[in-house]
Amino acid sequence: DAGVTQSPTHLIKTRGQHVTLRCSPISGHKSVSWYQQVLGQGPQFIFQYYEKEERGRGNFPDRFSARQFPNYSSELNVNALLLGDSALYLCASSLGGQAGGYTFGSGTRLTVV
Amino acid sequence: AQKITQTQPGMFVQEKEAVTLDCTYDTSDPSYGLFWYKQPSSGEMIFLIYQGSYDQQNATEGRYSLNFQKARKSANLVISASQLGDSAMYFCAMRANSGGGADGLTFGKGTHLIIQP
Chain A
1 DAGVTQSPTH LIKTRGQHVT LRCSPISGHK SVSWYQQVLG QGPQFIFQYY
51 EKEERGRGNF PDRFSARQFP NYSSELNVNA LLLGDSALYL CASSLGGQAG
101 GYTFGSGTRL TVV
Chain B
114 AQKITQTQPG MFVQEKEAVT LDCTYDTSDP SYGLFWYKQP SSGEMIFLIY
164 QGSYDQQNAT EGRYSLNFQK ARKSANLVIS ASQLGDSAMY FCAMRANSGG
214 GADGLTFGKG THLIIQP
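Protein sequences, first through last, are from chains A and B.
Counted the way the working numbering counts, the first sequence spans residues 1 to 113.
Counted the way the working numbering counts, the second sequence spans residues 114 to 230.
Be aware that one or more of the hints could be misleading.
Here are some chain A residues the structure puts well away from chain B; computed CB gaps all over 10 angstroms [to be verified]: (1) P8; (2) G16; (3) L82.
Pairwise CB distance ranges (calculated) [unchecked claim]: (4) A/R15 / B/S211: 37 to 43 angstroms; (5) A/T14 / B/S144: 30 to 36 angstroms; (6) B/S144 / A/N77: 30 to 36 angstroms; (7) A/T20 / B/S154: 25 to 31 angstroms; (8) A/G28 / B/Y177: 24 to 30 angstroms.
Just so you know, the hints here were simulated from the structure itself, not pulled from any lab data.
We put the CB at the ideal spot given by N, CA and C, even for glycine.
Construct the complete structure from the given sequences, taking the supplied hints into account.
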């Protein structure tokens, strides 16, 4: 079975640009959550989606948005990129709610120059 | 709000020795879950072990065990018979179960474990 798939694996953007990151969860998992991990820190929660609805949001500005599609894949969008948005963005899939744990993808490493 | 504290930024351990990675947590939620993840240099977060706040016994998964002391709010990871491949970052994380866990995982800052031959 395929694990959590994230694309792209790496990308470089310029300040002020927009970026879209994609995540495909494990088959059967209905929940996707996004995390930002800056160098030397633990991941920080950005969003959680379950059954295509936003269920939780971390302390991130409105420049960050996400959505989940009918096939449970998800996109994370970041507008007006800042240098401080440079980080590893991790996607995790789970069954949803309190059921089970979280399986993470390998992440997308975003560099803003 | 939840908080995870990992007080060991880095550790050096001889191969085949046991190692304990410290984790303390803070939450007002009576129901919560505690997780440990391993992150090698490739970046992927690899799930190691889970402990629920109402679990009566400490969790074990192969060489990994979780020393759960609820009154002290600690959830230390113990790795027995360490191997060179255990060298990685290790993160302790918590999920509060109120609201169906919608607030995701709260992570600590991690411990960089290096196993020496």
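Flag every earlier hint the structure violates by its number, smallest first. 5
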